[in-house]
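Colleague: In case you want the letters, here they are:
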Amino acid sequence: MTAASIKEKQSLIGTSVPRIGVDGKLNGKALFSNDVAPKNSLWVKALRSELAHAKIESIDIKDALNTPGCVAILTAQDIPGNNSFGIINKDQPLLAGSKVRFVGDPVALAVAISEDVAELALSKIHVTYTELASIFDPEESLAPGSPFIHEKGNLLGKRLIKKGAPELAFEKADVIIERTYQTTCLEHAYLEPDAGYAYFDSDGKIVIYASTQNPHYDQADVASLLGLEADRVRIIQTNTGGGFGSKLDLNTQGFLGLACYLLKKPVRMVFSREEAFLCTSKRHPLKIKYKSAASKDGRLLAIDVKIMGDTGAYASYGLAVVSRSAIHATGPYEVPNVSIESVFAYTNNPIAGAMRGFGVPQVAFAHESQMDLLAEALGVSPLEIRRRNALRLGSTTATKQELTASVGIQTCIEAIAPHYEAIRNKTNSKDSKKLKGVGLGCMMYGIGNTGTQNPSTAQVELQSNGGIVLYSGAADIGQGSSTVLIQIVATELGVGAEKITLVNADTGLTTSAGATSASRQTYISGNAALDAARKLKEAILTEAATMLKANRKKLYMKNGNVLDSSGVDSSVSFEQIANKAKREGRPLKWQGFFDPDTTPLDPETGQGKPYATFAFAAQIAEVEVDILTAEVTVKKIIAAHDVGKAINPESVKGQIYGGAAMGLGFALMEEFIPGKTVSLKDYHIPTFSDMPPVECLIIEEPEPTGPFGAKGVGEPALIPTAPAILNAIADALGSRIYSLPANLERVMKAIHSGASKMKFRLNQ
Amino acid sequence: MRGHFNYLRPDCVTECLDMLDQYGNETAILAGGTDVMISLRTGVKKPRIILDISRLPETRQVEPYGETVRVGSTLTYSELIDHPVIRQEFPALCAAMGCVGSLQIRNVGTLGGNIANSSPAADSIPPMMLRDAEIIIQKKGSSRIQKLEKLIVGAYSNTLEPNELITGIILTKIKKGYRESYQRIGRRKSLSIARINAAILGRLNDSGVIEDARISVGSVAPSPMRMTNVESHLKGRKPELKTILEASRMIAQEIIDLVGVRHSTEYKQPAIAGLALKCLEDVFLDSSVN
Ligand SMILES: Cc1cc2nc3c(=O)[nH]c(=O)nc-3n(C[C@H](O)[C@H](O)[C@H](O)COP(=O)(O)OP(=O)(O)OC[C@H]3O[C@@H](n4cnc5c(N)ncnc54)[C@H](O)[C@@H]3O)c2cc1C
Chain A
1 MTAASIKEKQ SLIGTSVPRI GVDGKLNGKA LFSNDVAPKN SLWVKALRSE LAHAKIESID
61 IKDALNTPGC VAILTAQDIP GNNSFGIINK DQPLLAGSKV RFVGDPVALA VAISEDVAEL
121 ALSKIHVTYT ELASIFDPEE SLAPGSPFIH EKGNLLGKRL IKKGAPELAF EKADVIIERT
181 YQTTCLEHAY LEPDAGYAYF DSDGKIVIYA STQNPHYDQA DVASLLGLEA DRVRIIQTNT
241 GGGFGSKLDL NTQGFLGLAC YLLKKPVRMV FSREEAFLCT SKRHPLKIKY KSAASKDGRL
301 LAIDVKIMGD TGAYASYGLA VVSRSAIHAT GPYEVPNVSI ESVFAYTNNP IAGAMRGFGV
361 PQVAFAHESQ MDLLAEALGV SPLEIRRRNA LRLGSTTATK QELTASVGIQ TCIEAIAPHY
421 EAIRNKTNSK DSKKLKGVGL GCMMYGIGNT GTQNPSTAQV ELQSNGGIVL YSGAADIGQG
481 SSTVLIQIVA TELGVGAEKI TLVNADTGLT TSAGATSASR QTYISGNAAL DAARKLKEAI
541 LTEAATMLKA NRKKLYMKNG NVLDSSGVDS SVSFEQIANK AKREGRPLKW QGFFDPDTTP
601 LDPETGQGKP YATFAFAAQI AEVEVDILTA EVTVKKIIAA HDVGKAINPE SVKGQIYGGA
661 AMGLGFALME EFIPGKTVSL KDYHIPTFSD MPPVECLIIE EPEPTGPFGA KGVGEPALIP
721 TAPAILNAIA DALGSRIYSL PANLERVMKA IHSGASKMKF RLNQ
Chain B
1001 MRGHFNYLRP DCVTECLDML DQYGNETAIL AGGTDVMISL RTGVKKPRII LDISRLPETR
1061 QVEPYGETVR VGSTLTYSEL IDHPVIRQEF PALCAAMGCV GSLQIRNVGT LGGNIANSSP
1121 AADSIPPMML RDAEIIIQKK GSSRIQKLEK LIVGAYSNTL EPNELITGII LTKIKKGYRE
1181 SYQRIGRRKS LSIARINAAI LGRLNDSGVI EDARISVGSV APSPMRMTNV ESHLKGRKPE
1241 LKTILEASRM IAQEIIDLVG VRHSTEYKQP AIAGLALKCL EDVFLDSSVN
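Order-wise, the sequence lines are chains A and B.
Letter 535 of the first sequence, counting from 1, is numbered 535 in this note's numbering, and no numbers are missing.
Letter 234 of the second sequence, counting from 1, is numbered 1234 in this note's numbering, and no numbers are missing.
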């Protein structure tokens, strides 16, 4: 047997190793921040503004402080460091100083011996405000003369992308389709509302345990709020019950750090569901004006897209959404002439930030509707128009990035094509009151942060007992990155997954892996872990070659031993190697690093290489619309996703199932109405009974720069679903919905404006 | 803030009525708690006493009695749906109960609770209205029986006094040749309050003419309403598609006339008609007659 074939056999890549910690999640024994906070912790609660925009004249805390059991009331004045934070723009105060900018802006903290006392104390804080004119619409916000929400003005950011000569192309086009699309504010609705606790350790460090996606960023911002060096703050991620982007922000960490630092006592905080709804970030509502031009033969000639986004009161990840929505506005299609403008404004609405897909689910709704409209106008099938325009090797994107590898969109389309044709050809049921439709949704998604460095690091260490420890800063929030990282390292070192101990998402023990966002951990942190494992492997093989007096090239690793493949029956264990190296003072902990190859985008033309690689997908949704009641039932979703390489196929499927559910919610029911939506009682997310069977077709177009060829799937999973469902509804009714969600009211309207396919009308 | 309260759990109706007599004004009755717990959390209710009635044996039985069945008030939806007599005699009520919340809610939520909560969207009320539902109400030393329509006087409002307890519901069994249907619209497939719900009961005579039709529509007015005009309009007619379509539209029109045109009318008018049509087709057009 050659070393290569042995390695192949032992590979954990492509096997569904059970998810780390899955048993605890299933049997309810997994502990979350709020379960493990020390019993003697003081409770922290925030007083939040009930006004959308107001100047704070005074805060009277005397009565509150007199509440028995209340230990402290903290306001902006108590913040020792820089009272502004934010991942990209530092524009958000931890506690509002001069004014409040949205309903939910925190104004003061009560720290008390119980949650009840903290709440009672909050009710006795008297804040005097002078109300300011508030703005809830982004266009209005940017209109001349609008009151400023931030001193720098109301523009968050703008992204322009220019390619070719779109004006000319529009003149020559055979078909032009122009429509406006509107999406709404969405709540992440993760299972576990934000929580955490903090205490001083014996070295005088503030240790904050939190439900977070972003421990190293948390550390930097908490330290800055407190005016401390970063190493005085340690963030440890606890089990995290979902995040979907909102736990990238400092939701509790800053408050915990402040209270712990000032009071020198352990403190804890947990949001109620209502509080999480009120004050954590939301998905950006976008208004997308989309104009597409095509030639008679069904080729896209040009697009002109104008995106207007509402980022709410503070930036959070808003700027990332400005750029990403613009770059992805073409969808996974080659468009020779492009003009895209994306403009986001501050308003007095809730903060909009990162949410699974960073603006791409919104633009995908627009570009996929446009593709169907073009197909209809040109008399070609929705499948065919996508085939003709889908990106391929050598294509250039809107930012003139040439795609040189791993372009799986054509393969995804071909994978779903037979299913699509089969559903199309199914005879429509006799029940003319239930109309069936089928729709397609395609997408591309750039893996990692946009046009900026976003490196990850990891260390892999061989211990004296022969065990291996992997250190990674990556926070696993339920998506499965920990398991994937272990599979990568175990495979590289030829050991079983159980031989790897993972230490992760602890700023005291690990170096930064960047945020768990942008579908980047498998690709970027996977590469960093692989890099570290390779270096350790080299070191181990070098040691073994000396010990076995063998040709290093003939050595291979298996089950924690190094063996000789040249027929000589000799081996040495990892343990022996570790002991020797240790005695002789050679390092057994190696550092890995990976930063995807990107370039910043040109500010005028948007040209550049924003991402090193893209994921692609094509989905089909089959729906049934009850034309008497306007209820939509999604009967089936078929999802083909090019993930490069599915390191853990069941985890990939898990992401697709969950993504499809989120996409279905986005399509049909989810809508967060600021000032109205309070909790899960009025914010509907899909239940088990709303979900159809989801069939996953995993496509693997290997990415040469990915770990074992892998890219990412976390966000891509969600993106095609809503467009596919909306296209299916349009197919069923012969009329189209341009605003999400496609709720009962909008579907009823479409039923009554649709004509061609309607065989049965109540008012006939 | 979480309220503080005392928790009492009587073992029999007599004990319960004593407690209500003594503390009624400061008490919240808790059966399955699926409505009460929410009002405690939001602070809408701040009772000093929670009176748990979930284990009163006298209220946990299904007793057929001649033409009627007496249903205990604290039986849960799951218990009732699984009960052979209820399944046999009350198909529309079973369908309605099957729509309530989710399995978890149905495992604890009770019929008595649904009535006492008196929501305009309560699932169980329209089908019970069509079966002459009478509510047995007891207080210390006396009891009264009130028709369901009379008990509910508005949205979340009824004639129950703080010292009264619903112990049972009397429903008429299904009569020969009758068919019934329950339909509802929700914003999602489970765990959603009915946007519109309707129950229809009827019978054709031997010559295929509608002899009896009873229609009750919920979630459209402060309380579920009987559509008596349309009921009489249908009587004596043959259930042709045209007639049924017309009746469906009449139901919608009558409701819109009553509540007035609003923002929601654009949806509700066709949807009420659509839902009514589904029920009417189910009852009168389906060929498989009982
Ligand atoms: C998630 C969720 C989903 C829901 N979905 C639906 C739905 O789809 N359809 C629907 O109709 N309802 C729904 N409900 C509401 C609720 O489940 C029903 O109204 C249920 O029938 C209430 O019964 P209960 O035993 O839980 O009542 P409780 O909450 O215990 O009591 C409800 C009210 O009635 C009073 N009460 C209860 N029993 C008696 C009695 N025997 N005598 C006098 N007063 C009494 C209580 O004091 C209280 O005011 C839902 C609730 C939740 C939380």
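Simulated from the structure, these hints should not be mistaken for lab results.
If you're wondering where the values come from, they're calculated on a predicted model, not measured in any experiment.
Backbone N, C-alpha and C define an ideal beta-carbon position, used for all residues, glycine too.
Wrong hints could be hidden among the right ones.
Stated by the list, open to error - Straight line, CA to CA, 25 Å or less: simulated SDA-like cross-link-like pairs of lysine to any residue:
id: 1; chain 1: B; residue 1: Lys1189; chain 2: A; residue 2: Leu191
id: 2; chain 1: A; residue 1: Lys434; chain 2: B; residue 2: Lys1189
id: 3; chain 1: B; residue 1: Lys1189; chain 2: A; residue 2: Ser432
id: 4; chain 1: A; residue 1: Lys433; chain 2: B; residue 2: Ile1049
id: 5; chain 1: B; residue 1: Lys1189; chain 2: A; residue 2: Thr633
id: 6; chain 1: A; residue 1: Lys749; chain 2: B; residue 2: Lys1242
id: 7; chain 1: A; residue 1: Lys676; chain 2: B; residue 2: Lys1242
id: 8; chain 1: A; residue 1: Lys681; chain 2: B; residue 2: Thr1243
id: 9; chain 1: A; residue 1: Lys287; chain 2: B; residue 2: Gly1260
id: 10; chain 1: A; residue 1: Lys749; chain 2: B; residue 2: Thr1042
id: 11; chain 1: A; residue 1: Lys749; chain 2: B; residue 2: Lys1045
id: 12; chain 1: B; residue 1: Lys1045; chain 2: A; residue 2: Glu275
id: 13; chain 1: A; residue 1: Lys681; chain 2: B; residue 2: Lys1242
id: 14; chain 1: A; residue 1: Lys434; chain 2: B; residue 2: Met1250
id: 15; chain 1: A; residue 1: Lys433; chain 2: B; residue 2: Met1250
id: 16; chain 1: A; residue 1: Lys436; chain 2: A; residue 2: Lys681
id: 17; chain 1: B; residue 1: Lys1189; chain 2: A; residue 2: His752
id: 18; chain 1: A; residue 1: Lys426; chain 2: A; residue 2: Lys636
id: 19; chain 1: A; residue 1: Lys676; chain 2: B; residue 2: Glu1058
id: 20; chain 1: A; residue 1: Lys676; chain 2: B; residue 2: Ile1038
id: 21; chain 1: B; residue 1: Lys1189; chain 2: A; residue 2: Leu403
Unchecked claim - Partial list, derived from the structure: chain A residues whose beta carbon lies under 7 Å from chain B:
id: 22; residue: Leu628
id: 23; residue: Thr629
id: 24; residue: Met669
id: 25; residue: Ile673
id: 26; residue: His684
id: 27; residue: Glu745
id: 28; residue: Met748
Colleague: Evaluate each hint against the coordinates.
Modeller: Verification of the hints:
1. Distance hint between Lys1189(B) and Leu191(A) is fulfilled; the C-alpha atoms sit about 20 Å from each other, no more than 25 Å.
2. The hinted pair formed by Lys434(A) and Lys1189(B) meets the criterion: a straight-line CA distance of about 16 Å does not exceed 25 Å.
3. Pair hint Lys1189(B) plus Ser432(A) holds up; C-alpha atoms about 21 Å apart against a cutoff of 25 Å.
4. The straight-line distance between the Cα atoms of Lys433(A) and Ile1049(B) is roughly 51 Å, outside the 25 Å bound, and the hint therefore fails.
5. A C-alpha spacing of about 9 Å is found between Lys1189(B) and Thr633(A), which places the hinted pair at or below 25 Å, so the restraint holds.
6. Restraint check for Lys749(A) and Lys1242(B): the C-alpha separation of about 24 Å stays at or below 25 Å, so the hint holds.
7. Among the hinted pairs, Lys676(A) with Lys1242(B) is inconsistent with the structure: their alpha-carbon atoms are about 42 Å apart, more than 25 Å.
8. With a C-alpha separation of about 39 Å, the suggested pair Lys681(A) and Thr1243(B) falls outside the 25 Å cut-off, and the hint is violated.
9. Distance hint between Lys287(A) and Gly1260(B) is unfulfilled; the C-alpha atoms sit about 33 Å from each other, more than 25 Å.
10. Our distance criterion of 25 Å between C-alpha atoms is broken by Lys749(A) and Thr1042(B), whose separation comes to about 35 Å.
11. At roughly 40 Å between alpha-carbon atoms, Lys749(A) and Lys1045(B) are farther apart than 25 Å, so this suggested pair is violated.
12. Restraint check for Lys1045(B) and Glu275(A): satisfied, since their Cα atoms lie roughly 21 Å apart, inside the 25 Å limit.
13. Note on Lys681(A) and Lys1242(B): the hinted pairing is violated, with a Cα-Cα distance of about 40 Å set against a maximum of 25 Å.
14. For the given pair, Lys434(A) sits about 23 Å from Met1250(B) by alpha-carbon distance, which is consistent with the 25 Å threshold.
15. The hinted pair formed by Lys433(A) and Met1250(B) meets the criterion: a straight-line CA distance of about 20 Å does not exceed 25 Å.
16. Among the hinted pairs, Lys436(A) with Lys681(A) is inconsistent with the structure: their alpha-carbon atoms are about 30 Å apart, more than 25 Å.
17. The straight-line distance between the Cα atoms of Lys1189(B) and His752(A) is roughly 23 Å, inside the 25 Å bound, and the hint therefore holds.
18. Only pairs whose Cα atoms come within 25 Å are accepted, and Lys426(A) paired with Lys636(A) is accepted, the gap being roughly 14 Å.
19. Among the hinted pairs, Lys676(A) with Glu1058(B) is inconsistent with the structure: their alpha-carbon atoms are about 43 Å apart, more than 25 Å.
20. Only pairs whose Cα atoms come within 25 Å are accepted, and Lys676(A) paired with Ile1038(B) is accepted, the gap being roughly 18 Å.
21. A distance of roughly 43 Å separates the Cα atoms of Lys1189(B) and Leu403(A); the hinted pair therefore is violated under the 25 Å criterion.
22. Against a cut-off of 7 Å between C-beta atoms, the interface hint on Leu628(A) holds, since the closest Cβ of chain B lies about 3 Å away.
23. Look at Thr629(A): its Cβ gets to within about 5 Å of chain B, closer than 7 Å, so that hint holds up.
24. A cut of 7 Å between beta carbons decides the hint on Met669(A): the least distance to chain B is about 6 Å, and the hint holds.
25. The interface hint given for Ile673(A) is broken, as the beta carbon of that residue sits about 14 Å from the closest beta carbon of chain B, more than 7 Å.
26. About 5 Å separates the beta-carbon of His684(A) from the nearest beta-carbon of chain B, less than 7 Å, and the hint is met.
27. Contact between Glu745(A) and chain B, as hinted, is supported at the beta carbon level, the nearest pair being about 4 Å apart and thus within 7 Å.
28. With a cut of 7 Å, the hint placing Met748(A) at the interface with chain B holds, because the nearest CB-to-CB distance is about 5 Å.
In summary, the numbered hints that this structure violates are 4, 7, 8, 9, 10, 11, 13, 16, 19, 21 and 25.
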